[in-house]
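Participant: Order-wise, the sequence lines are chains X and P. First residue of the first sequence: 1, per the numbering used here; consecutive thereafter. First residue of the second sequence: 118, per the numbering used here; consecutive thereafter.
None of these hints come from the bench; they were simulated from the model. Computed from a predicted structure; not experimentally measured. Treat the hints with caution; some may be incorrect.
Said to hold, decoys possible - Label pairs and their computed distance ranges (CB to CB): (1) P:Q162 x X:G28: 18 to 24 Å; (2) P:G133 x X:V117: 27 to 33 Å; (3) X:Q54 x P:S126: 41 to 47 Å; (4) P:H199 x X:E82: 37 to 43 Å; (5) P:Q226 x X:N59: 24 to 30 Å.
C-beta: ideal position from N, C-alpha, C; glycine also.
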Amino acid sequence: KAGVTQTPRYLIKTRGQQVTLSCSPISGHRSVSWYQQTPGQGLQFLFEYFSETQRNKGNFPGRFSGRQFSNSRSEMNVSTLELGDSALYLCASSLADGFSPLIYGYTFGSGTRLTVV
Amino acid sequence: AQSVTQLDSHVSVSEGTPVLLRCNYSSSYSPSLFWYVQHPNKGLQLLLKYTSAATLVKGINGFEAEFKKSETSFHLTKPSAHMSDAAEYFCVVPGGGGGNKLTFGTGTQLKVEL
């Protein structure tokens with residue numbers, strides 16, 4: 001059974017550029033969440049999608065956006081990159097239906113490490 | 118709002134000795150709680166979860182955690198550390214703002230020495 005797949009694994013971008021990260025959840029999982037991990041702020045929730053709808057959003061500026069496709073694959077986009085956006089971006093998927101994924105848990109991908117120079 | 122506090126940012130143990138990683142939670146009710154582990158340059162792996170069934174929860178790789186409501190704690194333990202246990206460990210509570218968002222503790226870096 002394939003896990004959560006995130007591409008690319010590593011990315012280097014220049015300030016001001018934009019970037020798109022991809023996440024393919026485990027087959028059958030319809031909930032996809034995104035997290036940002038930095039040494040200073042730790043792991044912070046970005047947003048969560050379920051059946052192509054954003055259900056929950058963290059406290060990030062509008063430069064951070066995402067979407068989910070009908071096959072549950074998700075992308076997140078960061079526009080006008082800043083140095084502080086350098087981080088490991090993690091995607092998690094869940095089998096959960098509705099707002100209670102606690103029983104099912106979350107499976108994380110290995111992440112995309114974004115470096116902004 | 119629900120939150121977790123990991124009391125130690127770094128823990129160092131010798132191989133073969135017990136491991137104790139401490140986590141306190143803050144919640145107005147009995148929460149669900151998770152422990153995740155992250156090895157270098159890897160994603161997060163679920164070690165165990167508490168969902169208000171048994172208070173002693175057994176996880177993978179010999180780890181276990183005990184939910185203590187009176188102490189608002191959910192400490193992670195392992196009887197005998199192995200070199201492969203060296204990693205960062207996160208105590209996690211779902212919620213903390215709505216929906217199925219996860220709120221992570223600040224992490225505890227576990228070092229295992231020979």
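Participant: Next, verify each hint and record whether it holds.
Facilitator: Against the structure, the hints come out as follows:
1. Taken as a hint, the range 18 to 24 Å holds for the pair P:Q162 and X:G28, whose Cβ atoms sit roughly 20 Å apart.
2. In this structure the supplied range 27 to 33 Å is violated for P:G133 paired with X:V117, their Cβ-Cβ distance being about 44 Å.
3. Between X:Q54 and P:S126, the C-beta spacing of about 33 Å breaks the proposed range 41 to 47 Å.
4. Taking 37 to 43 Å as the suggested C-beta distance range, the pair P:H199 and X:E82 conforms, at roughly 41 Å.
5. At about 26 Å, the beta-carbon gap between P:Q226 and X:N59 stays in the expected band of 24 to 30 Å.
The structure fails hints 2 and 3 (numbered hints given earlier, in ascending order).
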